[in-house]
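Visitor: Chain by chain, the residues run as shown.
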Amino acid sequence: MTSLKSGLENATPDQTAMPTETAAATSADHCITIRNFDAWYGSFQAIHDLSLNIPRNRVTAFIGPSGCGKSTLLRWINRMNDIVPIAHSRGTLHLGDTDVLAKQTDVVQLRRNVGMVFQKPNPFPKSIYENVAFGPRLHLRLKRGELDELVQWSLEKAAVWDEVKDRLHDPALGLSGGQQQRLCIARAIAVGPEVLLMDEPCSALDPASTLAIEDLIYELRKSYTIVMVTHNMQQASRCSDQTAFFFEGRLIESGETEEVFTKPKEKRTDDYVRGKFG
Amino acid sequence: MSDASSQRPHALDAMSPVEMTEAANLRKKYSLAFYCVCVAVSMLSVVVLIVLLLSIAFQGHAWLSWNLMSASHSELNPESAGMWPAIIGSIFICGICAASALPLGIGTAVFLEEFQPKNRFLRAIHSFIQLNIANLAGVPSIVYGLLGLSLFVFMFNVFGQIRVNESNGMELAGVKRYYQVLTMAGGGHTALIPQTDPEQPQIVVDGPMTAVDAEGRAYELQIWEPGMPRPTDDETLRRTVRKGRRGGSYSELSWYYFRLPFGRSFLAAGLTLALVILPIVIIASQEALRSVSPSLREASLGLGSTTWQTVRHVCLPAAIPGIMTGCILAMGRAIGEAAPILVVLGAAVAKDSGPKNLMDNVVTMPVLIFNWAGRQQAVYQELAAAAIIVLLVILLLMNSLAIFLRQRMRLE
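Chains as they are written, first to last, in the working numbering: chain W, 1 to 278; chain P, 1 to 412.
Quick caveat, the hints were computed from the structure, so don't treat them as lab data. If you're wondering where the values come from, they're calculated on a predicted model, not measured in any experiment. Warning: the hint list may mix true and false statements.
[Unchecked claim] Which bits of chain W does chain P cover? Going by a derived footprint, with three or more residues having C-beta under 8 Å, they are:
| # | region |
| --- | --- |
| 1 | 183 to 191 |
| 2 | 227 to 238 |
[Stated by the list, open to error] With the C-beta cut set under 10 Å, the calculated list includes, among others, these residues of chain W facing chain P:
| # | residue |
| --- | --- |
| 3 | 116 |
| 4 | 139 |
| 5 | 142 |
Note that the Cβ used here is the ideal one computed from N, Cα and C, for glycine as well.
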């Protein structure tokens, strides 16, 4: 606790408000740009004046202790917080040219573009095939053969095809936790998103399944921009390119993962990645 | 670590091991005693139910026969009285009740649970509706009967009063079939022209004709042609028809005979019962929808589905076993309701068939039981007991259907 307090005192307000950006991040093609973003749940401010760029086709990890606002930010990127009646926000959040927070933004199209994978595997109580076909059926009119092809492609891309190809019409809830989570990833990519948001995708899984998902994430970044929230330092260092460290609703530091983990500029980041608190 | 935690507090050694065992035994005895009280209390209701069923079975078993199921009520000959029209009547009323209450109730539940508004004003409306539904569930059913009486039977007299002698039906001036022609008065005012040829389904008004009013009085129908001066007073307008207007056959003999207000018809009774069970259906469906895991909802929304798509493809399929259970239990309540039906339809049981048209009166099982049980003759008392057995069996069948459906849908 003592180290945390001194860390807080050391930080000047300026540093907290404007995180330093590495040269790599600024020169990259930004997929998501966030400027002066505040978010509230009722009167509780969950995110304070946050600015961040998320580069295209890379994995960005959000780390930080519980309740620091990283999941909140993630859920604002695809406006998932719309279903929380008391949630509101201010500032700018752009996905490419789209103003995500604008009232007139089509949330349905936005969410098609920004897929989401949740903490706990949440397949629908339907068959494996129906789970993956659910999204395409919402958006597209496909012939049987085209749909079959799309389902297979998604399952292959999510590295779960080999395990389920013989039982596509079995209930998805009969799969193991890791397989369910990969099925959820397949379901998310079946609608053709450009961004994948992952909210602690491995926290409910055993180590072997975690490894499989991490490999998958590493593979998927070739085609998708991935933003993941994780509590696991090793996971962030293993499979992310960029890391953003959050603390008490503020972005403390962001940059190349290697730099954040080996040469953090902020004392609090250093303490956190070394496991001194959190 | 402080010093206090290293020392064992004195309080932990205040009682000797023997004392502690005794205290524990005493607690176990209290626990056993409480268990016995619980069993006794729960058995009490079972015993009451068994006594009730036994007494009814004892009274009514002798009268359970095919005749009871197939015959109609008889004033003069109680030995051959049956409840067939009542069974049919209950089925019709419950059909109307289900067809109106279930879509409305499930729809309201979906609105309240799935379409949560962000706007403060809409949120206020939302909670206002919610509060009212919770209160409506506690309103006595006879109050709904009175509501149904003014809302469906009389329709607040907006469409005029029915002055036709209901027991004679539409038999006005000795004729049973009429053509109905719209008059100049508008607003649904029609003139009734006696039908002479039963084969002719339509009439074209081209010259002066004789029509009858609701009380059966004949009058001369006036014809208006474009160019003629238009009558100004209402009374004349109601007796004037534009030339060339067509009229359709209108008779209580056709099943689609329909009028406003509904009068003492099974339609009015079914809609009144729908009001009675609407809060039950809504609350049960809301519970079922609320128990659908939010993660499924998020998964669906996260894939870019609209709220309706989420409701249709995720929430309703997951909630349907619970909704079905609630609906069937509500229908069980509806089939056993007597009070609102007594208010809406009256206590008459002299009917020998099911409804002949949409506006026909019916007898229902609870009303028949009420009527029989209140009579002096012992035969009717026993018949009432037999009718209760039939009603209970039907209710039991419905409840088993509910359980069966729920289990099957869970498995799917």
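Visitor: Does the structure break any of the earlier hints, and which numbers would those be?
Guide: Violated hints (numbers, rising): 2 and 5; every other hint is consistent with the structure.
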